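Chemist: Chains S and W are the protein sequences, given in the same order. Under the numbering used here, read the first sequence as residues 548 to 810, first letter to last. Under the numbering used here, read the second sequence as residues 5 to 168, first letter to last.
Since the hints were derived computationally from the structure, they do not count as laboratory data. Keep in mind that the hints are not guaranteed to be accurate.
Stated by the list, open to error - Take a look, some chain S residues computed to stay more than 12 Å from chain W by CB distance:
{"#": "1", "residue": "Y607"}
{"#": "2", "residue": "S609"}
{"#": "3", "residue": "R611"}
{"#": "4", "residue": "E654"}
{"#": "5", "residue": "P671"}
{"#": "6", "residue": "S773"}
{"#": "7", "residue": "Y774"}
As the list claims (entries may be wrong) - Here are some of the chain S residues that sit facing chain W, going by a computed Cβ distance under 7 Å:
{"#": "8", "residue": "Y558"}
{"#": "9", "residue": "L562"}
{"#": "10", "residue": "A566"}
{"#": "11", "residue": "V569"}
{"#": "12", "residue": "Y658"}
{"#": "13", "residue": "Q719"}
{"#": "14", "residue": "A734"}
Small disclaimer: the values here were computed from a predicted structure and weren't measured. We put the beta carbon where it would ideally sit given N, CA and C, even for glycine.
Residue-level listing of the chains:
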Amino acid sequence: MQNLLKILLRYSNFLVFIALEVAAFLLLSYNNAYPRSSFLSTANNVIAWQHEQMSDISGYFSLRSQNEQLAAENAALRNQICSMDSVKIVFPMHYMNAKVVQMTTDEMHNYLTINRGSKDGVEPGQGIRNEDGVVGIIRTVGRNYSVVLPIINTYSNLSCRFSKNDYVGTLQWDGKDIRFAQLADVAAHMVVNPGDTIVTSGLSPVFPEGIPVGIVENSVLKEGASYHTIRVRLHTNFKRLKYVEVVQNAHQKELEELTDGLD
Amino acid sequence: MDWTRQLGRYVVVMLLQVLLFNQLQLWGLCHPYIYVMCLLMMPITLPHNVDMLIGAAVGIIMDVFCNSLGIHTASCILIMFIRPYVIGALVNDKDRLNEQITWRTLGPEVMLKYLTILVLIHHLTVFLLAAWSWAHIGFALLETLVSSIVTIIIIVGYNALKYK
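Can you build the whole structure from these sequences, using the hints too?
Modeler: Shown next as structure tokens:
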């Protein structure tokens with residue numbers, strides 16, 4: 548017994564090291580699992596507040612371009628009202644505007660924080676878009692702020708389709724260039740041309756059908772490969788992202804409960 | 005008194021990291037984590053276990069700001085674990101250290117070696133854990149190299165200002 552204690556004491560540093568590292572890796576794997584702690588992330592009130600102050604200060608430097616952006620958006624909305632009767636309503640969607648208070652664009656796992664949280668009815672899994680196209684999906688929700696997993700994160704998977712023929716693929720990101728993403732699972736028999744338009748598929752309750760995602764930049768079919776390697780130029784300019792919209796589907800819970808039972 | 009001053013200095017460095025260096029976006033390659041300076045400059049008076057716990061605490065704080073729970077924690081614990089061994093290997097006569105890690109006590113050459121080794125190990129762990137797949141390993145290595153060089157330059161600069 549005494550010998551055992553002696554051995555434990557002798558190696559106590561190493562044992563503490565192992566215990567701490569195990570704890571750190573548990574945190575790491577817990578962090579990658581689905582709803583994350585909103586306290587230990589930028590959805591945390593104090594930290595998001597700090598980021599909001601920072602972006603408020605830097606916001607003054609881009610007032611002009613923001614005005615231009617808002618004016619363009621107004622125009623687009625007015626156009627939409629004109630053609631309202633042609634808008635197809637598949638899901639009862641509700642849009643809520645939000646401001647980006649923090650974001651990273653130069654990492655493999657980019658995230659952004661928005662100033663809407665559970666008190667505004669935001670829930671994990673809701674979609675985020677701006678006037679150009681898809682931005683990402685809500686990952687973690689705090690009371691006043693939420694963290695978004697954007698499509699420029701290597702964890703992101705988004706179901707998309709070609710607008711020309713409804714062929715469905717999965718949009719992923721390789722961690723390299725935030726202007727481009729990759730469309731996977733498009734079989735070799737499909738004819739893919741540069742300039743083809745990619746939109747959301749509407750197969751998941753997160754986004755309604757037909758929100759613009761990007762256009763095909765180029766596509767390569769390697770010898771003997773059964774899938775195309777497609778590079779998609781994204782519509783959303785993540786470098787200048789300032790205002791976004793949360794897409795809330797009134798039937799999302801019900802749809803998710805239905806499909807959850809199937810796995 | 006000495007400890008409160010030290011603590012104040014660490015808070016300044018952490019704020020610099022979070023408010024300034026975390027916002028830096030240079031070619032997507034350069035993420036200098038200068039906050040390791042707080043850990044590397046800590047006196048070697050505390051027990052090894054306590055050192056590692058402090059490393060874990062500093063790591064968690066960074067992780068919360070970077071949305072990367074666990075990555076900085078694991079890296080900081082690792083460098084705090086190997087720190088005494090690195091010092092032991094670099095310095096023959098430990099009494100000379102007077103338990104303080106500064107440019108004066110270590111000498112510029114040893115100090116630079118000490119910083120380079122530990123900053124490289126810390127950054128390598130952070131970027132490898134963030135990449136988390138063999139597909140991105142080349143990029144992670146390049147990221148480690150660029151960021152470590154920038155981190156070391158900034159730490160040397162910061163200390164040059166302090167001891168002027």
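Chemist: It remains to establish, for every hint, whether it holds in the given structure.
Modeler: Hint check results:
For S:Y607, the shortest C-beta to C-beta distance to chain W comes to about 16 Å, beyond the 12 Å cut-off, and the non-interface label holds. No Cβ of chain W comes within 12 Å of the Cβ of S:S609; the nearest lies about 15 Å off, and the non-interface call holds. Even its closest Cβ contact with chain W, about 21 Å, leaves S:R611 beyond 12 Å, as expected for a residue assigned away from the interface. Not every C-beta of chain W lies more than 12 Å from that of S:E654, the closest at about 7 Å, which undercuts listing it as non-interface.
The Cβ of S:P671 sits about 15 Å from the closest Cβ of chain W, beyond the 12 Å cut-off, so the non-interface label holds. Its beta-carbon lying about 20 Å from the closest one in chain W, S:S773 satisfies the requirement of being farther than 12 Å from that chain. No Cβ of chain W comes within 12 Å of the Cβ of S:Y774; the nearest lies about 17 Å off, and the non-interface call holds. Given the 7 Å rule on beta carbons, the hint for S:Y558 is violated: about 11 Å separates it from the nearest Cβ of chain W.
Interface hint status for S:L562: violated, as the beta-carbon distance to the closest one in chain W is roughly 9 Å, over 7 Å. Violation of the interface hint for S:A566 is found here, the shortest Cβ-Cβ separation to chain W being roughly 9 Å, above the 7 Å cut-off. Hint on S:V569 is violated. Least Cβ distance to chain W is approximately 10 Å, over the 7 Å limit. The beta carbon of S:Y658 comes within 5 Å of a beta carbon in chain W, closer than 7 Å, and the hint placing it at the interface holds.
Interface restraint check: S:Q719 against chain W, minimum CB-CB distance 12 Å, threshold 7 Å, status violated. For S:A734, the shortest C-beta to C-beta distance to chain W is roughly 23 Å, which exceeds 7 Å, and the interface hint is violated.
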